[in-house]
Amino acid sequence: MPEAVREPFTDLAHQRDAVALGMWAFLGQEVLFFGVLFVLYTSLRVRHPELFAAFGPLLDWRLATVMTVALLLSSFTMALAVRFAFTRVRGRLVFTLLATMILGAAFLTMKGWEYAHHLARGETPIVDLADTLAAGPGMATFFGLYFVLTGFHALHVLGGLVALAWLTLAAWRTPASDLRGSPVMAVGLYWHFVDIVWLFLFPALYLAARPT
Amino acid sequence: MKSWLTTTDHKRIALLYLGTMTLFFTLGGLLATVLRVELATPASDLVAADTYNRLFTLHGVIMVFFFLIPSIPTFLGNYLLPLMLGAPDLAFPRLNLASWYVFVAGGLLTLTAMIAGGLDTGWTFYTPYSTVFSDSHVVLAVLGVFLAGLSSVFTGINFIVTIHRLRAPGLTWLRLPLFVWSLYATSLILVLATPVLAMTLLLVAIERGLQIGIFDPATGGSPLLFQHFFWFYSHPAVYIMILPGMGVISEVIPCFSRNRPFGYAFVAASSLAIAVFGFLVWGHHMFVAGQSYFASVVFSFLSFAVAVPSGVKVFSWLGTMHRGAIWLTTPMIYALGFIALFTVGGGTGLALATLALDVHLHDTYFVVAHFHTIMVGGMLMAYLGGLHFWWPKISGRLYSERWGRIAAYILLVGFLLTFLPQFILGTQGLPRRTASYPPEYQFLQGLSSAGATILAVGYVLPAIYLLASLVRGRPAGDNPWGATGLEWQTTSPPPPHNFLDQGTLVVGDPYDYPNAPQPTIAGAGDV
Chain B
1 MPEAVREPFT
11 DLAHQRDAVA
21 LGMWAFLGQE
31 VLFFGVLFVL
41 YTSLRVRHPE
51 LFAAFGPLLD
61 WRLATVMTVA
71 LLLSSFTMAL
81 AVRFAFTRVR
91 GRLVFTLLAT
101 MILGAAFLTM
111 KGWEYAHHLA
121 RGETPIVDLA
131 DTLAAGPGMA
141 TFFGLYFVLT
151 GFHALHVLGG
161 LVALAWLTLA
171 AWRTPASDLR
181 GSPVMAVGLY
191 WHFVDIVWLF
201 LFPALYLAAR
211 PT
Chain X
213 MKSWLTTTDH
223 KRIALLYLGT
233 MTLFFTLGGL
243 LATVLRVELA
253 TPASDLVAAD
263 TYNRLFTLHG
273 VIMVFFFLIP
283 SIPTFLGNYL
293 LPLMLGAPDL
303 AFPRLNLASW
313 YVFVAGGLLT
323 LTAMIAGGLD
333 TGWTFYTPYS
343 TVFSDSHVVL
353 AVLGVFLAGL
363 SSVFTGINFI
373 VTIHRLRAPG
383 LTWLRLPLFV
393 WSLYATSLIL
403 VLATPVLAMT
413 LLLVAIERGL
423 QIGIFDPATG
433 GSPLLFQHFF
443 WFYSHPAVYI
453 MILPGMGVIS
463 EVIPCFSRNR
473 PFGYAFVAAS
483 SLAIAVFGFL
493 VWGHHMFVAG
503 QSYFASVVFS
513 FLSFAVAVPS
523 GVKVFSWLGT
533 MHRGAIWLTT
543 PMIYALGFIA
553 LFTVGGGTGL
563 ALATLALDVH
573 LHDTYFVVAH
583 FHTIMVGGML
593 MAYLGGLHFW
603 WPKISGRLYS
613 ERWGRIAAYI
623 LLVGFLLTFL
633 PQFILGTQGL
643 PRRTASYPPE
653 YQFLQGLSSA
663 GATILAVGYV
673 LPAIYLLASL
683 VRGRPAGDNP
693 WGATGLEWQT
703 TSPPPPHNFL
713 DQGTLVVGDP
723 YDYPNAPQPT
733 IAGAGDV
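Same order as they appear, the protein sequences are chains B and X. For the first sequence, our numbering assigns the number 1 to the initial residue and increments by one for each residue that follows. For the second sequence, our numbering assigns the number 213 to the initial residue and increments by one for each residue that follows.
You may find that some hints are simply not true.
Unchecked claim - Here are a few chain B residues that sit away from chain X, every Cβ distance over 12 Å (derived from the structure):
id, residue
1, L80
2, F86
3, P203
4, L205
5, R210
What the hints assert, rightly or not - Chain X regions said to be covered by chain B (calculated; three or more residues, Cβ under 8 Å):
id, stretch
6, 296-304
7, 363-373
8, 428-437
9, 474-482
The hints are simulated quantities; they were obtained by calculation from the structure and are not laboratory data. Glycine is no exception: its CB is placed at the ideal position from the N, C-alpha and C atoms.
Bound conformation, chain B alone (with noise of 0.2 Å):
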């Protein structure tokens, strides 16, 4: 049985096309949603360099850089898995998927457990905006983007874990040649985007600020 034709297709290279294209839309739209917060860290660090100079080291780069392979090597596995949905390989499709998961999962335990000593440390985002005599710029500022930033980007890798899940539990209970390679495809273009995202934070953020 070939891969299901959904209404108002009727024949599948069409369907696929059409996956596609949306998904293309939707990253698009993407796109300028994290603008927003590029934009927002352009501005402050403009207008207050020296609070990326005073702050940005407090970032662990180290801890950051093994994070991005983990991303990097998500992203190579991923792309395996639309290969394999394709070629209705099921057995190497489930082992990819997992394999994306794990990387993935494995990312977000290392910035759940960077933001556990951040704000162990007192490096919080927190301030009382109704008092008038606070301090002013300072940490809390940069810790403000920080958290935003990065926070906005985990929950985009947390989507793509559902997303990965729902994938993996479907080609584990569907026979090898009714495999769909259309949503593989989909969530593997949202999940190279979310990649892409962080190639961009991790120099914005743990970089761009350390003394040369």
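Assemble the complex: chain B is given as a structure, and chain X must be docked to it using the hints.
Chain X only, in chain B's frame:
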């Protein structure tokens, strides 16, 4: 009931949207009624100033995000796009249904905020007032608007993919109906501008809810940055509201002039041009907010440039009527009203885009009158025109043409009486958003309130005779107006899968009015 709530048929989802948005429009209209009653007298006597702030905020939030932005795309667009393309449905039917659920969830959140006490920030949510000082339900309301935005993004993606991938064989880009072109331009804005508002509103919710200083100047944030983000979406959003309306007018005018649209390719391109220019003019909302003077000059110039593609459309409509056989039906009255009022609204927009003039007019009733002329006079006229034009197709019934014309004229008179006095009030310097005002403005304010009463009658009438037509109306037939366009080739109302059972579709010149079928509606003998 269950079959409606789980449907993936674009036509049923469109009707779900129609029902939901009519409720929101009624609510927004009731809020406006209280505002106009309060403004009939100079003193703040019906409601207190604080309540007044909450009323105009909710009126703005509900009308902008839960009626004007989704109205034509999610109702007429959803219903007609697959029909006009000769497709069985939108590309992603389940995403379409999901968009309605997300929309309803957003509406419920906003209503919860309203019942819990409302919010008083204005529909613009300016920081730091919204994040630090306001004592109202900002977080709930912005999350509701965020969900409405997400629903818009779903709709936009669905439309873009559908227009690219599901055109009938032979339906090339330059044979697309102009309404489809306008929906395409609208969808581009929906997909590329809405995420900016979505993220900005989430940042407001985070700043207020978690006490993280993002836009707060006390912690190094920039309130001006919030305004840039907000208007980067909210100015293109104006074109989200008006472009589909222009598309409707471009369908109605050729049909009731029995003529090809004048300059078809230019009208199609002008939709895209408006979408592109629309992204580059947001700074004209911030002339007096302290942005760079040089930026203001550029924004002013670009705002004038938008008038060019808008003018192309107006001249196309006039050129289409020229030497046509004009047939003054209900939809055509709305279309003519649209052209007149859109021109007034656009022209006063140029006054506001003029740097020196804006300093005087900024934040006065002139601004209120300007955007209500575009939104109510333009967009709402187009919405009602489209509703009347396609009602026989959607319901399969004919409404009372006599009552339709009466209601359209009542609306026009009511509109002019409501908003023309506000232009004068603005030039006299009366600021907007105040519950009380000096007594010398009472005459014009009273005229405006009286006009609003007539306007309200104009809104209630169509609800009555359109609903009555469902019970008592005569069957419409497939093509009562004798219109071209694929949607008129199927039955009224169309079957669940639109064209699947009909064999091959004939696709040619989309506006072949010289050879169009004769209207079947009574009283069309003179066409």
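What are the numbers of the hints the structure violates, in ascending order?
Violated: hint 9 alone.
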